[in-house]
Each structure stands twice: as C-alpha cells, then as structure tokens.
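Participant: What follows is each chain in one-letter form.
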Amino acid sequence: GAVVSQHPSWVICKSGTSVKIECRSLDFQATTMFWYRQFPKQSLMLMATSNEGSKATYEQGVEKDKFLINHASLTLSTLTVTSAHPEDSSFYICSAQSSQGAFYGYTFGSGTRLTVV
Amino acid sequence: GENVEQHPSTLSVQEGDSAVIKCTYSDSASNYFPWYKQELGKRPQLIIDIRSNVGEKKDQRIAVTLNKTAKHFSLHITETQPEDSAVYFCAAMEYGNKLVFGAGTILRVKS
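Going down the list, the sequences are from chains A and B. The numbering of the first sequence is our numbering, which starts it at 1 and goes up by one. The numbering of the second sequence is our numbering, which starts it at 1 and goes up by one.
Rather than coming from a laboratory, the hints here were simulated on the basis of the structure. Computed from a predicted model, the values in this text were never measured in an experiment. Here a beta-carbon is modelled for each residue, glycine too, at the ideal position from N, C-alpha and C. Heads up, some of the hints might be wrong.
Under 7 Å between C-beta atoms, here's a sample of chain A residues computed to sit facing chain B [as the list claims (entries may be wrong)]: (1) 43; (2) 44; (3) 108; (4) 111; (5) 115; (6) 117.
Below, in silico cross-link-like pairs of lysine to aspartate or glutamate (EDC-like), each with a Cα-Cα straight-line distance of 16 Å or less [claimed, not checked]: (7) 68/B x 27/B; (8) 110/B x 84/B; (9) 14/A x 63/A; (10) 98/B x 59/A; (11) 41/A x 39/B; (12) 22/B x 49/B.
My request is simple: use the sequences and hints to build the entire structure.
Facilitator: Given below as structure tokens:
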C-alpha cells in the first residue's frame with residue numbers, strides 16, 4: 001500500500017534555531033501534501049496545503065514566513081520551522097494525496113515530535 | 001469552511017459492549033467521511049470511511065452510518081476489546097480535498 005516516510009521522528013532544538021521535517025512518498029506520487037500540527041490531547045489542525053511545484057496555501061493564523069513549506073518534487077515535501085520557540089513544540093504530521101486516477105484517500109506520515117528548549 | 005463536532009470526548013465501556021461515537025458537520029457539500037484511530041505518539045490510522053452516496057458501511061466489528069439530511073455520521077464498534085482503546089477522530093473532506101477533523105474521543109475499554 002501507499003507509504004509516506006517522515007523524518008525525523010523526534011527532534012529537540014534550541015530556541016531560535018530552525019528545524020526541517022521531511023516527508024517522502026515511497027511508492028506513489030504525492031501531488032498534494034497536507035501539513036498538520038497536533039498539540040497534546042488535541043485534534044489535528046491543518047497548517048497548510050502544498051501542491052507539487054506551487055506555493056503552499058496556509059490556513060488562517062499560520063505564519064507562512066515561520067513555517068516554510070517546499071514541495072519541489074512529487075515524492076518529497078519539507079516543512080521548516082524557522083526561529084523555533086517553545087510554543088512551537090508539537091507533533092507535526094504530513095498527509096499525502098495522489099490525484100492520479102480516482103480519489104485514493106490520504107496517507108499519513110509517522111509524525112515528528114518537536115521539542116523546543 | 002467546514003466545522004466538525006464530535007461527541008463524546010471520552011467514552012468508557014466494558015469489554016464486549018458496543019461503543020458509539022457521533023459527529024456532525026456543517027458543509028453540505030462534503031462528500032467523504034473517514035474515521036481514524038490514533039494511539040499515543042503515532043500516526044492516525046484509517047479504520048473505516050464512507051462517501052456521501054452511501055448510508056452505511058460495515059467492516060467486521062466496525063460500522064459507520066451517514067445521514068446526509070441531518071449532516072451527521074456515527075462510528076459503531078461492537079464487541080469491544082481492550083486493544084480498541086485509543087483516540088478516535090472523525091473527519092470530513094471539504095473544498096480542496098482538505099480534511100477537517102473532529103476534536104477526538106478517548107475510548108477506554110475496561111477488561
């Protein structure tokens with residue numbers, strides 16, 4: 001079945017530094033990638049949607065200059081948290097979708113636990 | 001945009017009993033409704049989904065029902081087992097294929 005590999009699974013960084021999270025679709029072409037953030041004991045909140053080769057579309061309240069999304073190829077999308085602060089500590093998870101053929105549903109990455117100290 | 005409400009927030013059942021989780025949505029144009037099970041620190045796992053042209057779908061102990069007129073859908077788990085304990089999320093697909101999630105239900109199955 002469809003697999004999305006997400007790395008790193010966890011990361012601890014110092015306040016003010018940047019962190020890059022990668023999501024790779026291993027056996028299909030991810031034309032669309034959704035990036036979510038999940039705080040402890042809360043639901044998944046969509047941060048942005050990216051289509052291959054296009055600029056990402058950010059949800060209201062999400063700072064595009066802080067959360068940089070790149071989707072340069074059909075198999076790789078990255079989220080960079082710039083100038084991270086403790087309040088950015090969260091579980092970040094990607095979800096890939098392919099537009100090839102019929103609607104395939106969503107394939108989630110394994111998530112990245114970010115802790116900013 | 002779409003708004004999804006999910007109830008209850010926590011649900012405790014005895015092993016072998018049934019569990020029902022309910023969700024309502026606001027956008028009548030939404031046409032895809034998945035249910036996810038998430039264990040602590042892991043990715044959401046799709047357990048069942050339903051499209052708007054179907055009223056009910058069943059997969060062994062799990063079933064989902066959809067009432068388009070009332071804009072609500074429900075997850076039914078029968079013969080619950082301790083390994084069913086997890087957080088369950090409903091979702092609705094809105095314009096742009098974006099999934100909007102409910103707040104989640106913590107299911108505890110007591111043995």
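Participant: A separate judgement is required for each hint: does it hold in the structure or not?
Facilitator: Going down the list of hints, with the structure as the test:
Proximity of residue 43/A to chain B holds as hinted, the smallest CB-CB distance being about 5 Å (cut-off 7 Å). Hint status for residue 44/A: holds, given a least beta-carbon distance of 5 Å to chain B, under 7 Å. Because the beta carbon of residue 108/A sits about 4 Å from the nearest beta carbon in chain B, less than 7 Å, this interface hint is met. With 7 Å as the threshold, the beta carbon of residue 111/A comes within range of chain B, its nearest partner Cβ sitting at about 5 Å, so the hint holds.
The beta carbon of residue 115/A is not positioned within 7 Å of any beta carbon in chain B (closest approach about 13 Å), and the interface hint is therefore violated. Using the Cβ-Cβ criterion of 7 Å, the hint placing residue 117/A at the interface with chain B is not satisfied: the shortest such distance is roughly 19 Å. Between residue 68/B and residue 27/B the alpha-carbon distance is near 10 Å, which keeps this suggested pair within the 16 Å criterion. A threshold of 16 Å between alpha carbons decides the hint, and for residue 110/B with residue 84/B the separation of about 10 Å falls inside it, so the pair holds.
Taken as a hint, the residue 14/A and residue 63/A pair is broken in the structure, with Cα atoms around 20 Å apart against an allowance of 16 Å. A C-alpha spacing of about 11 Å is found between residue 98/B and residue 59/A, which places the hinted pair at or below 16 Å, so the restraint holds. For the given pair, residue 41/A sits about 11 Å from residue 39/B by alpha-carbon distance, which is consistent with the 16 Å threshold. Restraint check for residue 22/B and residue 49/B: satisfied, since their Cα atoms lie roughly 14 Å apart, inside the 16 Å limit.
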